[in-house]
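Trainee: Chains A and B supply the protein sequences, listed in that same order. Residue 1 is where the first sequence starts when you use UniProt numbering, and the numbers rise one by one after that. Residue 1 is where the second sequence starts when you use UniProt numbering, and the numbers rise one by one after that.
Simulated from the structure, these hints should not be mistaken for lab results. Please note that a few of the clues may not be correct.
Since the list gives no way to pick out one identical chain from another, each pair is judged satisfied if it fits inside one copy or across any two copies.
With a cut-off of at most 30 Å between alpha-carbon atoms, the simulated DSSO-like pairs for lysine-lysine come out as follows [unchecked claim]: (1) 374 - 322; (2) 488 - 498; (3) 488 - 499; (4) 271 - 42; (5) 103 - 463; (6) 463 - 498; (7) 293 - 271; (8) 318 - 42; (9) 406 - 271; (10) 488 - 103.
There are 2 protein chains.
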Amino acid sequence: MKIHNVFPRLCCFLTKSQTRNTYNSCRAFHSTGRSQSVVLTKTRYPNLKRGPFSTLGDVDVQFFERLLPGTGRVLADASEIEGYNTDWLRTCRGCSELVLRPKTTEEVSAILNYCNTHNLAVVPQGGNTGLVGGSVPVFDEVVVSTQLLNQIISLDELSGSLVCQSGCVLGTLEDYIADYNLTIPLDLGAKGSCHIGGNIATNAGGVRLLRYGSLHGSILGLEAVLPNGEILDCMSTLRKDNTGYDLKQLFIGSEGTLGIVTAASVLCPQKPSAVSVAFLGCESFSKVLDIYKQAKGMLAEILSAYEFLDEASVAVNKENLKMTSPIGDFPFFVLIETSGSNGDHDEEKLNTFLEAMMSDGLVLDGTVVTESTKIKDIWSLRERVAEGLLHDGYCYKYDVSLPQAKFYDLVLDMRERLGSSVIRVVGYGHVGDGNLHLNMTSPTYSSEVMGNIEPFVYDWVSKYSGSISAEHGLGFKKRNFIYHSKSKSAVSLMQQIKKSIDPNGIMNPYKVLPEE
Amino acid sequence: MKIHNVFPRLCCFLTKSQTRNTYNSCRAFHSTGRSQSVVLTKTRYPNLKRGPFSTLGDVDVQFFERLLPGTGRVLADASEIEGYNTDWLRTCRGCSELVLRPKTTEEVSAILNYCNTHNLAVVPQGGNTGLVGGSVPVFDEVVVSTQLLNQIISLDELSGSLVCQSGCVLGTLEDYIADYNLTIPLDLGAKGSCHIGGNIATNAGGVRLLRYGSLHGSILGLEAVLPNGEILDCMSTLRKDNTGYDLKQLFIGSEGTLGIVTAASVLCPQKPSAVSVAFLGCESFSKVLDIYKQAKGMLAEILSAYEFLDEASVAVNKENLKMTSPIGDFPFFVLIETSGSNGDHDEEKLNTFLEAMMSDGLVLDGTVVTESTKIKDIWSLRERVAEGLLHDGYCYKYDVSLPQAKFYDLVLDMRERLGSSVIRVVGYGHVGDGNLHLNMTSPTYSSEVMGNIEPFVYDWVSKYSGSISAEHGLGFKKRNFIYHSKSKSAVSLMQQIKKSIDPNGIMNPYKVLPEE
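Produce the complete structure using the sequences and hints provided.
Mentor: Right under this line is the structure:
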């Protein structure tokens, strides 16, 4: 056990260009023709039947061109819409022939009213950073992109309520409110591209959920357009409002199947004046949990993230992204972030905590950084694993919640089960939230490997009362496994609500709810 | 300006017996015959029509007696059910002839199935501490009490998820988990009597919302019985679960109109090891806001409550409850609570903050306490105002959210408007949440006073985009004012959902949704 090496040791193991915002560069895949190599979803799932929707005609396109005048608002050219048809993971590809880019709620309303009347299916799309094929067409759905719904509307500095259109990029919002000493209550690796509307539609979690809770608590109000074009005004900037059913909650996490979120009000917490990140090595997953328990008690109100990576995850960084780790090799790594209003107090708490962890033998080695570029570098180790895995070829991606004690056993069982049929099986994620990211890779998609993974992984999770999708949603790829995490009564009520709000089923079909 | 008197000054101005749990003693009103003095709701609102429900018959009572064997499970004696017919404020009284006290979800299911089949209207009731007449019958609805659904089911110490039946008393849960170093994410003056199920059904706010957020974030799962008796299983102990629509959210704040919550899973945060409370005097409401702004920045992550009382509120304590204030008379009082994991750090932050507030002239005098009984005493000053007001006779009670800057103007306008027609107009509440409690009293109910208050108060709130019910709900008394805070499109969708889930309208009729 090394104890001399804990902190303060600044790490300088990543180049400056390796920033957190890697989604933008991957997004560029789509516009360079690489999307064509992605198998069409309707080809990969030959038994899937297209819904009884109309087929887009010239008269429809002409209507939309009149509705949305100006350049770049109605895209119908195959090369222009290629990126909108393909998901970030390059595992789903639709064949939509039309992308619409409205700028106002009224335009969204007119679009949906027209599509509903003419029985045209619609897929809403934000930053297209989703991981379950929820934001791209399955067949030929019309894509309604929120890219131009990108205006910040207002900010109340005292209460912290930020009102904006749904197409605002998360990172842009974060930068904007930083000047007012506020921060956004969620943080994702995709923040350079993802839209707040997409975050809301998917109930995005991310690394700050441990501190600031879910969007069900942080979204104060929203405006959505229902499938029939009606504008649902649930906008509010109030922290408390108990007047009737909290309808906005229905749209948080319904993945665009009940309507399109056009604007939202976000409760933004005070920006911490001091942030520290510790990156620690330890010998087992049970030690990861022991350290977490201590962190909850000793870091308490300043703990803002508690993440872990296994050795195989860090190997992805090293092998595929040529990154280096600031500490040696260990079976498990823990990333702890603290944020607070008094750097001296936070440092004292963190030091006391780390000394206790070292003397208890829970932590074997570690480093602590406080400088923002160094913090970003450490975070890159955690956040770029998803990108690194894509370099292997095809990535089988799972995002599950489990009781923390059973958390890592799934990785071990999967590794044993798949053996050499895959390149690797890695586990990392949000320990504090009980949220494991389980990933397997192979050079290309293999139905044999997939058959070994599913439904095994879902059965495993279900056995321990976990969630088969902790934060990524069900989208297209996981919808038929919904019963592994939800009761029949619950799914039946979801279907009832869907039918009531979207009787023609035009909103994001083939997503979330299971095939009937 | 006095600066010598700030802290540490321990206050000893209340007797030990004056605890926070004053709801229990008031609840006793109901069983001593005093309820009979409350005007029947159907008499006070003579134009209100009873819904087309069946009338309870002997055969129905016999069914329920078979279903719920044992003593005290089916109450039909007038004196026994008097308290269940009357609300805590003694402003609403129904004439139900039957109270049912199930112990299991299956019993609740059988009750609702029977009532739905036989067209009997039902009102669910928890601790009956609501303030808008939501938990008592309007006419002769059958009362389904959650009093015997009072079992704690499980606790996961590491994740903090507590699973219990819906009739558990909030304070009992808090005491139970304190042994595990956890605390409940909401705290109310009514915690000695209110049930967690009622808290969920009304989306109760309380004094910790500033720190831990609303129940939409803290409730991890729930089980509810739908109006047709079907059991909706949305139970989960997971912090993250994005598998389909988050149906539990619909039941949080729907005030028992969509079903009866029978069990829930609550995310319990780490119990703070150090708590301090400061009680401060200042000269204007704009200073109250200035102090809040500074507290957000300087106390940040340890700030757990920021409350205010006006001079008239403190006068209620003094005149009607014979309490004394630990500091002199000031136009406004601020109660600040900090909670954290390191008492020394918290004290240093609080001291620095208070010194700055004194030297800026924002705070005129104050006291700080850290001992738990003293903390309770200070909190009593804030939490017993509601009780004290009842001693005047009739209390016209409003609970609104407003943009913080406009917050107190409503009190001033109301005071001017009502003049000497009322005993007093007081304002206090949760400044940090933008939530004002506005109260007027008169010796007895006066329709003339009421006509001067409503709809004026709702119009005023609506003009500034506030909420006419921040945390109390709409219940029976405020349902017809829903359009002052919610759009037509939103209310229409609420009605659509209500009709879809409760087609016969048996669940808590005459509540939440407006008269058609």
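Trainee: Does each hint fit the structure? Answer for all of them.
Mentor: Structure-based check of each hint:
no. : hint      : verdict
1   : 374 - 322 : within (17 Å within a copy, 59 Å between copies)
2   : 488 - 498 : both (15 Å within a copy, 20 Å between copies)
3   : 488 - 499 : both (16 Å within a copy, 21 Å between copies)
4   : 271 - 42  : neither (46 Å within a copy, 52 Å between copies)
5   : 103 - 463 : between (46 Å within a copy, 28 Å between copies)
6   : 463 - 498 : within (28 Å within a copy, 34 Å between copies)
7   : 293 - 271 : both (26 Å within a copy, 13 Å between copies)
8   : 318 - 42  : neither (36 Å within a copy, 74 Å between copies)
9   : 406 - 271 : between (34 Å within a copy, 25 Å between copies)
10  : 488 - 103 : between (39 Å within a copy, 24 Å between copies)
Hint check: violations occur at hints 4 and 8; the rest are consistent with the structure.
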